[in-house]
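Here are the chains, one letter per residue:
2 protein chains.
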Amino acid sequence: MKATRSTGRAIIDCDVHPYPKSVDEIRSYMQEPWKSRYRGSGRGFFDNPVHGMRLDATPPNGGGAGTDPDFVREQLLKPFGHEYAVLMPRAFCNLLPDPDYATAIAAAYNEWLADTWLGKHNADGVFKGSITIAHQDPHAAAREIERWAGHPHFVQVMTDSGARAPFGQRQYYPIYEACEKHGLPFAIHPGTDGMGINVQPSPGYPTHYIEWHTCLSLAFQAHLVSFLTEGVFERFPGFKIVLVEGGVSWLPGLMWRLDQEYKALRYEVPWMTKRPSEYLRDHVRISSQPLERPDDDGHLLQMLTMMDAEHILMFASDYPHWDFDSPKHAFPKLPDAMARRIFYENAKEFYKL
Amino acid sequence: MKATRSTGRAIIDCDVHPYPKSVDEIRSYMQEPWKSRYRGSGRGFFDNPVHGMRLDATPPNGGGAGTDPDFVREQLLKPFGHEYAVLMPRAFCNLLPDPDYATAIAAAYNEWLADTWLGKHNADGVFKGSITIAHQDPHAAAREIERWAGHPHFVQVMTDSGARAPFGQRQYYPIYEACEKHGLPFAIHPGTDGMGINVQPSPGYPTHYIEWHTCLSLAFQAHLVSFLTEGVFERFPGFKIVLVEGGVSWLPGLMWRLDQEYKALRYEVPWMTKRPSEYLRDHVRISSQPLERPDDDGHLLQMLTMMDAEHILMFASDYPHWDFDSPKHAFPKLPDAMARRIFYENAKEFYKL
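Note that the protein sequences, when read in sequence, are chains A and B. Okay, so the first sequence: first residue is 1 according to UniProt numbering, each after it adds one. Okay, so the second sequence: first residue is 1 according to UniProt numbering, each after it adds one.
Accuracy of the hints is not assured; some may be wrong.
No distinction is drawn between identical chains; accordingly, a pair holds when it is met within one copy or between any pair of copies.
Unchecked claim - For lysine-lysine, the following DSS-like pairs were computed, each having C-alpha atoms within a straight-line distance of at most 25 angstroms:
1) Lys263 to Lys181
2) Lys263 to Lys328
3) Lys333 to Lys263
4) Lys120 to Lys181
5) Lys333 to Lys78
6) Lys35 to Lys263
7) Lys128 to Lys35
8) Lys333 to Lys181
These are computed hints drawn from the structure, not numbers from a lab.
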């Protein structure tokens with residue numbers, strides 16, 4: 001026991017934090033596959049353990065994948081002949097506990113998008129944007145929608161599928177009221193499920209990225225059932241939604257199941273004036289990526305027919321993400337009329353382009 | 001202010017509880033549809049708002065639906081010619097926070113079932129039983145399995161789909177080790193999802209019974225993905241599961257999706273030595289009720305073909321519940337070979353009957 005010069009007391013300090021100088025110091029003590037996955041304490045929670053971006057999507061003039069509008073034109077729009085690209089920025093504000101901070105991030109993303117991709121880099125008008133909102137504060141979200149409604153290039157409102165309650169519930173209605181008023185569809189995209197304040201849409205936390213990513217589609221199914229059974233499309237007859245990157249082939253089975261439940265239980269939801277599946281064509285669209293590809297193309301074609309893909313499905317590539325769907329290779333050979341609607345007409349009508 | 005005789009003090013008591021003499025007192029102040037649904041404070045959380053049992057299933061000699069083995073013979077087994085009925089008791093012990101109490105309930109259910117339905121009421125051996133376990137305590141559950149393994153009429157282990165973690169996770173492995181050791185399949189049945197200690201397998205709580213009941217199938221999908229991606233069937237090669245009352249038509253789309261993810265992400269799950277869907281025929285069965293019935297029987301037949309129903313699907317009626325599937329009417333006309341396997345052979349092989 002020795003007294004120090006400064007206090008004259010012997011001291012044992014029971015909480016002092018040592019940090020590695022870089023993540024690489026810790027990595028050097030790890031084996032693969034963990035070594036190349038580790039990005040620092042608490043990171044990599046549900047990050048793709050391989051890579052999150054197409055490796056060839058890094059722009060030659062610097063910056064990360066998806067940061068250079070001109071390179072996106074070169075790599076995506078020109079080669080495939082895209083007439084429009086609907087932009088889905090990734091603000092991740094829906095996972096934050098502070099609704100004011102989340103709303104500030106959403107507003108900043110919208111201003112940035114309007115200035116850049118939808119502004120000075122959009123002389124040809126090929127880029128159409130999504131209004132980012134923080135759905136934790138539906139009234140603030142509605143004000144953010146009001147702020148951008150009428151902008152020539154914002155064509156929808158977007159949020160992430162991660163949530164604390166299914167999206168059909170009434171606390172969200174100020175958002176839907178604003179969407180309906182301005183004819184803006186509401187797009188739901190995966191990304192904050194089970195993160196921050198959001199509950200995990202499965203029975204407890206999945207372990208691996210492959211499990212988490214596969215089960216993302218379950219959140220979309222639950223949100224859709226909620227929209228339908230809560231009667232959102234009765235309360236807001238002009239309101240439309242699009243489920244982006246939530247999977248495709250679950251739709252027929254889910255609607256068969258819900259229609260059957262409705263037959264027995266409609267007493268509980270008297271505001272539903274028709275079968276759940278009958279709301280889809282007027283109010284719901286599904287985007288195609290990641291399109292499931294069974295071994296037998298015929299099975300996928302049967303599934304697309306069952307779900308009325310000709311009216312419900314809209315093409316999406318998810319560029320520049322790792323699981324990009326190429327317009328040339330994602331689908332098997334489709335009947336011409338179906339292909340035309342999926343790749344072009346459904347979105348043209350839905351977004352009034 | 002007046003002083004009382006007993007204390008000599010003036011008293012204001014700020015917490016005194018008044019109770020209605022019966023639920024009917026409160027009901028008399030309610031309107032329909034709430035009036036007939038209300039069963040007392042906190043009850044009716046996710047109870048069927050119409051009725052949970054077939055109204056004609058109440059035995060003539062007293063007791064509730066499903067309490068009289070002889071009446072079940074009269075109403076179900078004889079008219080349809082059932083050779084065996086696999087019994088799924090409903091102990092609801094998996095929602096309890098106390099694992100010892102939950103385990104005691106499971107044990108009591110097993111003793112009761114062995115004494116009655118599998119004992120003195122089972123001279124003809126038509127009833128086969130499920131060993132109820134409390135999966136909150138996997139080691140205690142394994143001991144309970146050991147206790148009944150070898151009983152001539154217990155043919156599987158069962159639990160509810162409600163859970164705090166997906167069933168592929170390693171904390172459950174003592175259960176699967178015991179199942180494998182004794183050749184007992186592990187059956188998962190809905191019922192405690194989002195109740196008690198169990199998380200809700202959707203993004204927050206659904207509002208209505210129709211929504212909750214429709215989305216029960218999402219828990220099954222998440223559990224199946226967990227079993228597959230965690231490599232449970234590699235670790236326990238003799239282990240088999242059956243998903244009971246979790247829906248049917250979601251299987252093809254989910255397996256297409258997971259197979260596709262596996263193609264890109266198998267680096268993360270190197271213990272999976274083949275595509276996820278390839279484990280199904282050896283390890284997974286799905287029971288048929290509630291079978292989805294789309295308007296077009298042809299679509300259902302396509303779906304059954306896609307999922308290899310001829311090997312994967314086993315008939316179940318869910319007697320005496322409200323959404324009972326009759327062996328005569330639940331299915332459209334099936335090819336003979338498929339019908340024979342679904343109604344009889346798949347279960348005969350699976351349960352070694």
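So, going through the hints one by one against the coordinates:
1. Taking the closest pair of Cα atoms, Lys263 and Lys181 never come within 25 angstroms of each other, the shortest separation being 32 angstroms inside a single copy and 44 angstroms across copies.
2. In this assembly of identical chains, the alpha carbons of Lys263 and Lys328 lie at most 25 angstroms apart only when taken from different copies (19 angstroms versus 41 angstroms within one copy).
3. When the C-alpha separation of Lys333 and Lys263 is checked against a cutoff of 25 angstroms, the pair qualifies only between copies, where the shortest distance is 22 angstroms, while the shortest distance within a copy is 36 angstroms.
4. Proximity of Lys120 to Lys181 under the C-alpha cut-off of 25 angstroms is found in neither arrangement, the shortest distances being 28 angstroms within a copy and 68 angstroms between copies.
5. For the identical chains of this complex, Lys333 and Lys78 are intra-copy neighbours only, at 22 angstroms inside a copy versus 51 angstroms across copies, given an alpha-carbon limit of 25 angstroms.
6. Taking the shortest alpha-carbon separations for Lys35 and Lys263, only the inter-copy value of 22 angstroms comes in at or below 25 angstroms, while the best intra-copy value is 54 angstroms.
7. Taking identical chains as interchangeable, the C-alpha atoms of Lys128 and Lys35 are never at most 25 angstroms apart, the minima being 40 angstroms within one chain and 50 angstroms between chains.
8. Taking the closest pair of Cα atoms, Lys333 and Lys181 never come within 25 angstroms of each other, the shortest separation being 39 angstroms inside a single copy and 48 angstroms across copies.
Hints 1, 4, 7, 8, counting from the list given before, are not met by this structure.
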